[in-house]
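Asks: Spelled out, the chains give:
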Amino acid sequence: MLGMLGAGSSAQAAADLELGRYLATECTTCHRPGAATAAIPNIYSLAESTFAEVMKGYRDKRLANPVMQNIASRLSDDDIAALAAFFATVKAN
Amino acid sequence: MPKLTRRHFTTLAGASLASGLFAPAAIGQAKPRVIVIGGGPAGATIARYVNKESNGAVHVTLIEPQKEFTTCFFSNLYVGGYRDLQSLTHNYDKVRKEGVNVVQATAAGINPATKTVVLTTQERLPYDRLVVAPGIDLKFDSVPGYSEAASEIMPHAWKAGPQTELLVKKLNALNDGDQIVMIAPPNPYRCPPGPYERASMFAHVLKTKGHTKSKILILDPKPTFSKQALFLEGWEKHYPGMIEWQDPKMHGGIKGVDATTGEVKTDLANYKAQLVNVIPAQMAGKIARDAGLADQTGFCPIDPETMKSKSNTDIFVVGDACIPGDMPKSAFSANSQAKVAAMVIRAELTGARAFPARYSNTCWSLIETDENVKVGGAYEPGEGKIKASSTFVSQKDEAPELRAQNYKESTDWYASIVADMFG
Ligand SMILES: Cc1cc2nc3c(=O)[nH]c(=O)nc-3n(C[C@H](O)[C@H](O)[C@H](O)COP(=O)(O)OP(=O)(O)OC[C@H]3O[C@@H](n4cnc5c(N)ncnc54)[C@H](O)[C@@H]3O)c2cc1C
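Just so you know, the protein sequences line up as chains A and B, in that order. Using the numbering used here, read the first sequence as starting at 1 and increasing by one per residue. Using the numbering used here, read the second sequence as starting at 1 and increasing by one per residue.
The shape of chain B in the complex, shown without the other chains (with noise of 0.2 Å):
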């Protein structure tokens, strides 16, 4: 059979079209209701696109708890000292302004049946296109002895706001000689180089400090991670000898933390810390789960196509909350998918044109002042995943110029982006 090209798709998705498949939804009827569950990279994106590109012919509506949002990407940077909180926060004006539905409330349940979202205020919103962009919930008990409580005195930060400061407050509060213990994520979590970075301005910090002393051990489940030979060049370059990571041939196992004495366990070790920075394992956000739209693995499958649910066409799980086949967890990732997400929807809903799918990303990482790296994709349906099609990575040794352009690029990015999702 010959492979199907991209005109080919086109003719299809025409064809389809024109047989009822991609009919409008809701002819005769009022206007077709999308509702958003999550105003991130993934909803607000989604959200805005819908509203804008059907120029009013669908209703959106985007339930978000928070009235303002801050974003985890680029939260390192301000526990490096590079941004201050303000300038991660957001609010939903202009999304409201542009004629979106912004509703400040908490999806409780969804009823696939009716198709209805229920607020916790039990108040029922129809739809006829869902889509469930709720990101992550931690997995607590992942760590021994770790809990939500326990995030009061050891941080997690891996949602940005009130966590990160509690974070930045501890990290500058240490003396030189305190130690830093960072336990790692197990995959699939989101940001792979989070973590990493995270470490890098743990670092910076106490060098700028004159914290000589001071060291920071990272334990990892995993046995490698991401840009790895790059952090590791740039460690040994700019903090020599102040981070030590260990995989698990090292430590052995992490065996559990102790919030009240501060306390760290390996199975070959036990460490003391006056900064315990513990970032769980992780799940798709609880109204997917409790849902049905999450499988074994604790996150959603997806359609590599269209971003909907494998288990209801009326559905899609966008971002974090989803099984990106080889892309990351990213805002980058969610924003992309967001886009293919809304032009399925749009077609769905008003006859628009339908496209085939595409996705990218690209992550930056901050090392040091002017030594960033970046790695990236572009991204396909295929082998019913979303499947890289090609990759790329800042190489070692690379000139100091060019690590100086990455971070300034990253900065654009994030002025771009979040322009993207909030107007």
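Chain A on its own, in the form it takes in the complex (with noise of 0.2 Å):
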């Protein structure tokens, strides 16, 4: 999967945290905070720009998994970001 590429990116200024906080709820039915788990991977903690780009690879069905494809099929740019700022910062509690 993927590895920590550093610091977010400048973006992280812009996006809504708020809305990502909300928008996580969603995520956190599969992604359980810091489970390195096999098949449903650890997704706190991410680089934004990396977490950004995966997200719109399967947005854009460039990445395979149907589960995630379905996900992120109605996401905006700006739905994108706020989820990257939020789980880049969050603390998994």
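To be clear, the hints were calculated from the coordinates, so they are not data collected in a lab. No residue lacks a Cβ here, since even glycine has one placed at the ideal position from N, Cα and C. Hints should not be assumed to be uniformly reliable.
[Said to hold, decoys possible] Where chain A lies over chain B, by a calculated footprint (3+ residues, C-beta under 8 Å):
| # | region |
| --- | --- |
| 1 | 356-368 |
| 2 | 373-387 |
| 3 | 403-412 |
[What the hints assert, rightly or not] Below, simulated DSSO-like cross-link-like pairs (lysine-lysine); rule was C-alpha separation at most 30 Å, straight line:
| # | chain 1 | residue 1 | chain 2 | residue 2 |
| --- | --- | --- | --- | --- |
| 4 | B | 237 | A | 56 |
| 5 | A | 61 | B | 213 |
| 6 | A | 56 | B | 408 |
| 7 | B | 385 | A | 56 |
| 8 | B | 97 | A | 61 |
| 9 | B | 387 | A | 61 |
| 10 | A | 61 | B | 408 |
| 11 | B | 396 | A | 56 |
Assembly of the complex is requested from the two constituent chains, each provided in isolation within its own frame, with the hints serving as guidance.
Replies: The following block contains the structure:
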């Protein structure tokens, strides 16, 4: 899966963290904090730029998994930026 | 008129907040009170999310009679021998530790006029917002001759726990040549692929034991079923000749069962089976029906933007008890609906920001070891219901690695959703 690619991008300032927090409630049904499991990878503390790139990959169907394609299909660029910022900063509890 | 976009919605919600529509309900009083009836995927998720996300600004009470909750989801894997029941059983200790007032009790009634819930102990609990999440009740009499007493001989196992244990005990006691009959439920019911995943697990156990002379007959009141092409493909591949599925045209109608003799009658034939699994028709849990929240279907209409009952704006109905539009009744759906309800409750009680409702679901089904298929969708309010905006389903003839990967996804999902529900 993806490695951590350093600090967040400059888009961070514009991202809507509160929106990210709400949208992220959809993700936690499958992605649990701190778990580096085999089939559903950890998405906490990923670099924002990488996170956004991957999400767009699923949205454009360049990345194959139908579950994530379906999840990403309705996310706007702003939604993705908000999610990326949220998961990069959130403290897994 | 221009269509409302997501951005507009957010602005509108902001506007109504300013105009008082979403204004905190209990300013100047003690903390606003939320009561949640039912600690399943719907109720436990809401209790945790309102409590956590409001940082203690809302007093959350969760009413649930069971000390421990055994999940129906993955109970078919227990039937197939892939999981034990203990691994599917969870308690409320962490939910309690996080600050939710978990009350081990049964709600006996709701008084919407005084905004109180009455417990079977006669204790009265006041609420500002109420969540009704009692899951389903079974309509035992939807199958002539069936009853709660008969279910001690012909288990339904559609509520997890002792019923599931009884089913497994009977399954494991079968000899080669013994017959299984399953009566599948009519729509709508919890977990649309569930009966067919269960039949697959029966077949897996019989095959593993070398019981090649045994057969499984499914009598279905429906002409089609969920993931049908995928199940039929899987059965043909792994259990050729073992599972027979009959639609109403083939059996002519299910006439009834006799628990004392093990007989099952259809319009066209009589069967005698050593294991009969009757999954009757279903309706919303009693407390929801008694409170007048259900319509003639037996389930509760909701507003798709908020998960509020159509008949009372202080009451939310979430999970299997509601009419979820295009969503199936599943733990995944219940958990997804819970997050929308929790968001709306916080907006109303604490002035937190409101966002447009979004829902999603994925259901994985195990057919044989490493042979798992999935179906899912994304949903939003539309046409007055929760409407599918995109869906997907596994394809026939997929690579075995993909099917094995699906199984791994499903076990990761199980660990995540129970952590999301119970902490
Ligand atoms: C065999 C089987 C397999 C399944 N597999 C899957 C799967 O793979 N994936 C999936 O997503 N879903 C699956 N499901 C469906 C899933 O189990 C249900 O959709 C889910 O449990 C619904 O959650 P709920 O919270 O609405 O109701 P429930 O889980 O039924 O919880 C309701 C709770 O309310 C409590 N309650 C009821 N009345 C009262 C009252 N008066 N006072 C207080 N408490 C009350 C009950 O004790 C119960 O704990 C499966 C179901 C079955 C039967």
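Asks: For each hint, tell me whether it holds in the structure or not.
Replies: Consistency of the hints with the structure:
1. Remark: the region 356-368 of chain B is confirmed as covered by chain A, as 3 of its residues place a Cβ nearer than 8 Å to a Cβ of that chain, reaching the required three.
2. Counting residues of the region 373-387 of chain B whose C-beta sits closer than 8 Å to any C-beta of chain A gives 5, which meets the bar of three, so the coverage hint holds.
3. Taking a C-beta to C-beta cut-off of 8 Å, the region 403-412 of chain B contributes 5 residues in contact with chain A, enough for the three needed, and the coverage statement holds.
4. The hinted pair formed by residue 237 of chain B and residue 56 of chain A fails the criterion: a straight-line CA distance of about 37 Å is larger than 30 Å.
5. Our distance criterion of 30 Å between C-alpha atoms is broken by residue 61 of chain A and residue 213 of chain B, whose separation comes to about 46 Å.
6. Restraint check for residue 56 of chain A and residue 408 of chain B: satisfied, since their Cα atoms lie roughly 24 Å apart, inside the 30 Å limit.
7. Of the pairs offered as hints, the one joining residue 385 of chain B and residue 56 of chain A holds, with about 29 Å between alpha carbons and a cut-off of 30 Å not exceeded.
8. For a cut-off of 30 Å, the pair hint linking residue 97 of chain B to residue 61 of chain A is broken: about 42 Å separates their Cα positions.
9. Distance hint between residue 387 of chain B and residue 61 of chain A is fulfilled; the C-alpha atoms sit about 23 Å from each other, no more than 30 Å.
10. Of the supplied pair hints, the one linking residue 61 of chain A and residue 408 of chain B holds, its CA atoms being roughly 22 Å apart against a limit of 30 Å.
11. Between residue 396 of chain B and residue 56 of chain A, the direct Cα distance comes to roughly 27 Å. Compliance with the 30 Å bound is thereby established for this hinted pair.
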